[in-house]
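Chains P and U are the protein sequences, given in the same order.
Residue 124 in the working numbering sits at position 124 of the first sequence, with consecutive numbering throughout.
Residue 1057 in the working numbering sits at position 57 of the second sequence, with consecutive numbering throughout.
A hint or two may mislead.
Label pairs and their calculated CB-CB ranges [what the hints assert, rightly or not]:
#	chain 1	residue 1	chain 2	residue 2	range
1	U	V1197	P	R77	14 to 24 angstroms
2	P	K117	U	G1174	27 to 37 angstroms
3	U	R1017	P	D224	50 to 60 angstroms
4	P	T43	U	V1197	15 to 25 angstroms
It is worth saying that the hints were derived from the structure and are not from the lab.
Note that the Cβ used here is the ideal one computed from N, Cα and C, for glycine as well.
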Amino acid sequence: MSAGKPYVEFRNVSVSYRKHAEAVADCNLVIEEGEFVFLVGKTGAGKSTLLKLLSREVSPHAGSVIVNGKEINRQFRFLIPNLRRRMGIVPQDFALLPKKTVAENIAYASRAAGKTKRQTRRRMAFILFGIHLDHKMNSFPDELSGGEKQRVAIGRALINDPPLLLADEPTGNLDPEHSMEVMQLLLNLNERGTTVIVASHDMMVIEKLGKRIIRLDGGRIVSDTKGEITYVEEVQIDEIPVSKDAVMEEAAHIEEGASEAATFEEEPGDV
Amino acid sequence: MFDRLTFVLGEALVSIRRNLGMVILGALTVAVCIYIAGGLTLTYLSVWRFGQNLSSRFEIKVFLKDGTTKQQISDTAKQIRLMDGVDEVNWIPRDLAWEKMKREDPANTVGLDNVLQDAYKVKIKDLSKSDAIAAKIQALPQVEPGGVHYLQVIQKQVEEALRFLKWVGLVAGGLLALVSGVLIFTVVRLTAIARRVEIRIMSLVGASYVTVYMPLLLEGAFQGLVGGAIAYGLISLSHHELANVIRGYTFVTNLPPLDVKPILLSCIGAGTGYGLLCSILALLNLQKKIR
Ligand SMILES: Nc1ncnc2c1ncn2[C@@H]1O[C@H](COP(=O)(O)OP(=O)(O)O)[C@@H](O)[C@H]1O
Ligand SMILES: [Mg+2]
């Protein structure tokens, strides 16, 4: 799916929340359609700000942010909901509603995003299946592990079937086992063609995945590398400290990836 | 469309249920506010109508100096006609008046020369201007000193009553409006704060502004609407009671029946509009408050 067509572009983008302190400084970056990109760097490096520029939670004070050929920072404010319906946003703190079950949380967002009850019901099964939580659809967030909560948040971001997924530190509070589980889910989505941008400082996990890594420091890009290591090498999986069963399960999910993708495509687009 | 409506209404209902106590309080203050403001407005209107009737029957009588010529009479009439608030000026010729008097009261007029003066009947459009008009007329050269007569006393009383009602209405109505406004504002703000996670989720998944904010606006409007309806109930109840009391006094004319439709509509309209206004105010720069 990596067609090489630029999907996200930052051109000389600067952001400063306060005077004389730039959160993002003169950033130039192109991310192609279907890419999987990690933004890494210390706390305060500007990762979240870059993601927020894409969702227009933050406006650049210089430069332009281009998504799918459109300079979004020049668009009218009332178009923001439109923009966000074409991207999935996974916030760091999950932002789940504690009094709603997994299914209800996803359904609520879907209804809010403008989907009818029927569209929501139809899509629900696919999402729950995709995030491997169909067996816990009636659990409340309190009854879920951190990784499961994060998966619900990812599932919720999928209600609009977005071509672009932004995840801010999705493994921030997770132990390595659950981190891997969440990353795997994001990789699956990427295999189906979704462009994925992940902010993270979880180097342990990231370096094993062999995806493009953009390092930030003080709001500037200090390196932009694509690792040589490819994923799905058994060695890599074995290195992750998880039980054998979990590994087998992950592997099974990876296999399923292809068929799931086909199912998702068969699903008629919501009109 | 219908589907959207059910979602938005559902959301509004959820937040109304969650803040039920505050919502009821808000609605009640709106009710009292409209009841008092509405009751005062009704009273004001009836006193005003009374004043209007008074003024349409009401005339200023102006006597002219002896020996005023025909030319002066018509010039003076023209001047009076040009005054602000004057409706009509009619000349009462002393000859005609004298003949009428002789007809009506032959005993006292027989054998006498015409002792009357030429006069005008001045009709006034605007009751509140009659003082000024009288003063201006008095200042005209052909007008007899002290020759301007009108029902100053009643007019003064009506004016005073109107002024008093206006003041009470403004002060009491204003204070109550403030109280209910603050309550509705607070309820909507509290809801927004209680629902900040929902609002954040909605905005993350690209919910339209209508979907996000309409439930909050509806909550405020709902309080106003309920308040308006309660106020209408109070007004018609008091009217009923008052009418019963008045019926006991045979010498006072009975209260006219209430105009149900316009009063109900204006109560509910005023309440809903006010609720909406307060909730819009509560939502302005909300973004900064809930971040
Ligand atoms: N809302 C804000 N107001 C003021 N400063 C902010 C705000 N958000 C971020 N910053 C500052 O901008 C810089 C980059 O922040 P951020 O993009 O959140 O970094 P990261 O996500 O890499 O930790 C930091 O110095 C941070 O203190
Ligand atoms: Mg961050």
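Okay, the hints, checked on the actual structure:
| no. | hint | result |
| --- | --- | --- |
| 1 | U/V1197 to P/R77: 14 to 24 angstroms | holds (22 angstroms) |
| 2 | P/K117 to U/G1174: 27 to 37 angstroms | violated (46 angstroms) |
| 3 | U/R1017 to P/D224: 50 to 60 angstroms | holds (52 angstroms) |
| 4 | P/T43 to U/V1197: 15 to 25 angstroms | holds (24 angstroms) |
Violated hint for the displayed structure: number 2, the only one.
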